[in-house]
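Trainee: Required output: the full structure, derived from the provided sequences and hints.
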Amino acid sequence: MEQGLALHHIGVRFGGLTALDDVSLRVPPGAVVGVIGPNGAGKTTLFNVICGFVVPDSGSLSLDGAPLRPRPHRLTRLGVARTLQGTGLFAGLTVLENVMAGATCTARAGFLSALFALPGSDRDERRLRRHALDILDDLGIAGHADAAPGTLPFAVRQRVALARALAARPRLLLLDEPAGGLGDTDIAELAELIRQLPRRDTHPCAVLLVEHHMDLVMSVCDEIVVLDFGRVIATGTPDEIRDAPAVADAYLGAAVDEETVA
Amino acid sequence: MSATRAAAPPAGRVAPDTRAGHDERGGSTLLRHLALTTAAAILLVAVSHGLEPFRTFQLATVAAYLCATAGLTVLTGLNGQLSLGHGALMATGAYTVAFCQRAFLDRSIVAGWTLAVSLLVAVLVTVVIGAVIGVAAARLRGPYLAGVTLAVAIVVPALTVTFDGVFNGEQGLSVPVEPPPAALGPYFPYERWQLWVTGAATLLALLLLGNLVRSRFGRTFRAVRDDEVAARLAGIHVARTQVLAFVVSAGAAGLGGALLAVLAQSASPGAFSLTLSLFLVMAVVIGGLGSLAGAVWGAVLLVALPDLTHTLTESLALPPAVAQRMEGNLPLALFGIALVVVMIAAPGGVQGLLSRPGRVLRVRWRTRRS
Numbered sequence: 001m002e003q004g005l006a007l008h009h010i011g012v013r014f015g016g017l018t019a020l021d022d023v024s025l026r027v028p029p030g031a032v033v034g035v036i037g038p039n040g041a042g043k044t045t046l047f048n049v050i051c052g053f054v055v056p057d058s059g060s061l062s063l064d065g066a067p068l069r070p071r072p073h074r075l076t077r078l079g080v081a082r083t084l085q086g087t088g089l090f091a092g093l094t095v096l097e098n099v100m101a102g103a104t105c106t107a108r109a110g111f112l113s114a115l116f117a118l119p120g121s122d123r124d125e126r127r128l129r130r131h132a133l134d135i136l137d138d139l140g141i142a143g144h145a146d147a148a149p150g151t152l153p154f155a156v157r158q159r160v161a162l163a164r165a166l167a168a169r170p171r172l173l174l175l176d177e178p179a180g181g182l183g184d185t186d187i188a189e190l191a192e193l194i195r196q197l198p199r200r201d202t203h204p205c206a207v208l209l210v211e212h213h214m215d216l217v218m219s220v221c222d223e224i225v226v227l228d229f230g231r232v233i234a235t236g237t238p239d240e241i242r243d244a245p246a247v248a249d250a251y252l253g254a255a256v257d258e259e260t261v262a
Numbered sequence: 001m002s003a004t005r006a007a008a009p010p011a012g013r014v015a016p017d018t019r020a021g022h023d024e025r026g027g028s029t030l031l032r033h034l035a036l037t038t039a040a041a042i043l044l045v046a047v048s049h050g051l052e053p054f055r056t057f058q059l060a061t062v063a064a065y066l067c068a069t070a071g072l073t074v075l076t077g078l079n080g081q082l083s084l085g086h087g088a089l090m091a092t093g094a095y096t097v098a099f100c101q102r103a104f105l106d107r108s109i110v111a112g113w114t115l116a117v118s119l120l121v122a123v124l125v126t127v128v129i130g131a132v133i134g135v136a137a138a139r140l141r142g143p144y145l146a147g148v149t150l151a152v153a154i155v156v157p158a159l160t161v162t163f164d165g166v167f168n169g170e171q172g173l174s175v176p177v178e179p180p181p182a183a184l185g186p187y188f189p190y191e192r193w194q195l196w197v198t199g200a201a202t203l204l205a206l207l208l209l210g211n212l213v214r215s216r217f218g219r220t221f222r223a224v225r226d227d228e229v230a231a232r233l234a235g236i237h238v239a240r241t242q243v244l245a246f247v248v249s250a251g252a253a254g255l256g257g258a259l260l261a262v263l264a265q266s267a268s269p270g271a272f273s274l275t276l277s278l279f280l281v282m283a284v285v286i287g288g289l290g291s292l293a294g295a296v297w298g299a300v301l302l303v304a305l306p307d308l309t310h311t312l313t314e315s316l317a318l319p320p321a322v323a324q325r326m327e328g329n330l331p332l333a334l335f336g337i338a339l340v341v342v343m344i345a346a347p348g349g350v351q352g353l354l355s356r357p358g359r360v361l362r363v364r365w366r367t368r369r370s
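Protein chains in written order, with the UniProt record's numbering: chain A, 1 to 262; chain B, 1 to 370.
Nothing false has been slipped in among the hints.
Residues from chain B that keep clear of chain A, each with C-beta distances beyond 12 Å, as calculated:
#1 W113
#2 P143
#3 I154
#4 G169
#5 V303
Computed footprint of chain B on chain A; a stretch qualifies when at least three of its residues, placed anywhere within it, have a C-beta under 8 Å from a C-beta of chain B:
#6 74-80
#7 85-97
#8 106-112
#9 118-127
Quick list of the computed label-pair ranges, beta carbon to beta carbon:
#10 B:P357 - A:R69: 50 to 60 Å
#11 B:A239 - A:D22: 28 to 38 Å
#12 B:S108 - A:P119: 39 to 49 Å
#13 A:L17 - B:G165: 52 to 62 Å
#14 B:R240 - A:G11: 28 to 38 Å
Quick caveat, the hints were computed from the structure, so don't treat them as lab data.
For each residue, glycine too, the CB sits at the ideal point set by N, CA and C.
Mentor: As C-alpha cells, then:
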C-alpha cells in the first residue's frame, strides 16, 4: 500500500488554459516536499486540487492508498490541514478562538448540548481550549492568546495561522507560501519550525510546501517538485534541483528576468 | 499565583499552569447564564410592581421585540447574513399563535398551558420556514441575500391579504388569551401578567441564545462570517452553519412575533410590515451588532422612539393632519438619523460605547496583575 498523499496524472484545464498537465507527485509520511515554479506555473491550482476547491479534469488522488475525493470541509477529518496565503485568520476571533476553530473536526458537542449548555459542551470546550493553548505554547505565542489577530505583527499572525492548521492534528500539512511577507530572521525561525514538524514526538506530520523563497525551500525540503506551465519539469533533492539545467532555464532564469525588469 | 507569574519568562514560552486568564470561564456556562437570567427575572418582577400599567405593557413589548432583535443580531452580527425579512418571520409566529389559540378555544380547551404550547408551535413553524429561507440564503451573498429576504418581507404580509379567507385580510385574526390565573388574586393587573409571560419567554430564549453564542457554534458562526474559505479548511461546513444560524434566528423572531400577537391579542399584517423589518435591522445595528446586550438596547429603542415622537408631536400642537403624518414618518427618520450618527461616532453601537470603559479597565487590571 502506498503511504501518504499521492497525485496520479492530474490534469486541470480552465477553458483553453492548461493549468496542470499530467502532474504526479508523492508526499510520503515524515517527508517535507516543496513545490516551486514561476508565477502561473500551477502551484496554487495544485493545492486547490488537493483541497477540493478545484476538481481535476483527469487523474486521481490517493491518501494512504485509499482513493481521495477531497472536499474542503472534510479535509481536516482525513488528517490534512492547509494554511492560506496571507494567513486568512478570522479577524473577529481572538488568537485562541482561531486555533480552537481549527480543531473543529475534533469537537464533539452536539447542537442541543450547546443550546442547553450541558456539562458535555463545557467539557468539550475546555478540552479544545487546553489543546489550542498547548499548540500556541509550542509555537511560543501563548502570550498572545487573547489578542485580536489584527493587532499582532505579521510574523506572529503567520504562526497563529500555522497553529490553527496544526490544531486539527494533521498527518499532512499544506503550507501555501508561509514565508510571504516575512523578514530574514522570521524565515530562519520558520525553516527550523518546518523541519521539526515531521520529527515531533506527538502528532508528527508530513509537509507539502508551496513557496517562492528559494533559500527556505532548499533548506527544509527532502524533495522538490518543479512546475512550469503546469508540467513537472524536474523532481529531486535540493542538490539535484539546484544543478538541473531545465530548472535553471525555466525557473531561475525567469525569476532573474523578472527582477531585472522590476 | 502572582509569584508563579513573575517566575515565568517574560516572552516566548509560558509555563502551562501560569496561563490563567482563560480559566476565568472554567465554571459551568449553564449555571453562570442561569444566574444572570434569574437576576433579570427578579428585577423584572420587582419593576413590574412599580410601573403604571401602560409602562408595564411597553416593557412587555420591549421583551417581545427583544426576541426578534436577539435572533437577528446572532444572524447578522455573528454569522454575517443580512436579513431584511425578519418582520415576516415574526408575522409567521404571530399567525401561528393566533391559529393555535383559536383552535384551542374552538375545542373548548381552556387551560394555562395552552399558551405555552401555542408559543412552542409558533417557534417550530417559524423554524421550518426559516430553514427553507435559510437553505436559499446559504447560496446567496450580500445584496442578493438582502434582496431575497426583502422579498420575503414584502410577500408574507401580502399573502395575508390575498388569502383573506384564512388570514382575515387587513383586519387580521384575534388571539384569545387566558386571563391571569386565579391564584394571583382577583385584582391582579392584566398588564403585569402580560409582562410576566413575555418576560419569561424572552428570558428563556435569551438564555438559550446566550448558551449557543458562547459554545463552539457561536465560534463557527463568527468564523464563517469572517472568512468562508478559511472556515471550510478549518473543517467547518459553511452552508450547514449558515442554515443553522438562520434557523436559530428565525425561531427567536417567530417567538418574538408570537409574543407581540399575544400582547396585542391580534395578529394583523399591519403590525409586521416591511418597515418593521427595516426597523429591526437598524435597531440591532444601533444597539451594537453581534451582541445580545446590544439587542436589548435595540428593542428598547424600537418601543421608545415611536413613543418619544408621539410625545414630541403632541407637544408641538400641530394641526391634526400634519401631526398624523409626522407621527407615521418621524420614527423612521429618527431611526435613520440615529443609525447614521451611530455608524460615524460609535461603530460598535450603544453596547460598544458602554462596554468600552469596562474593557479598558479590565485590560489595565490584567496587565497590572501580570
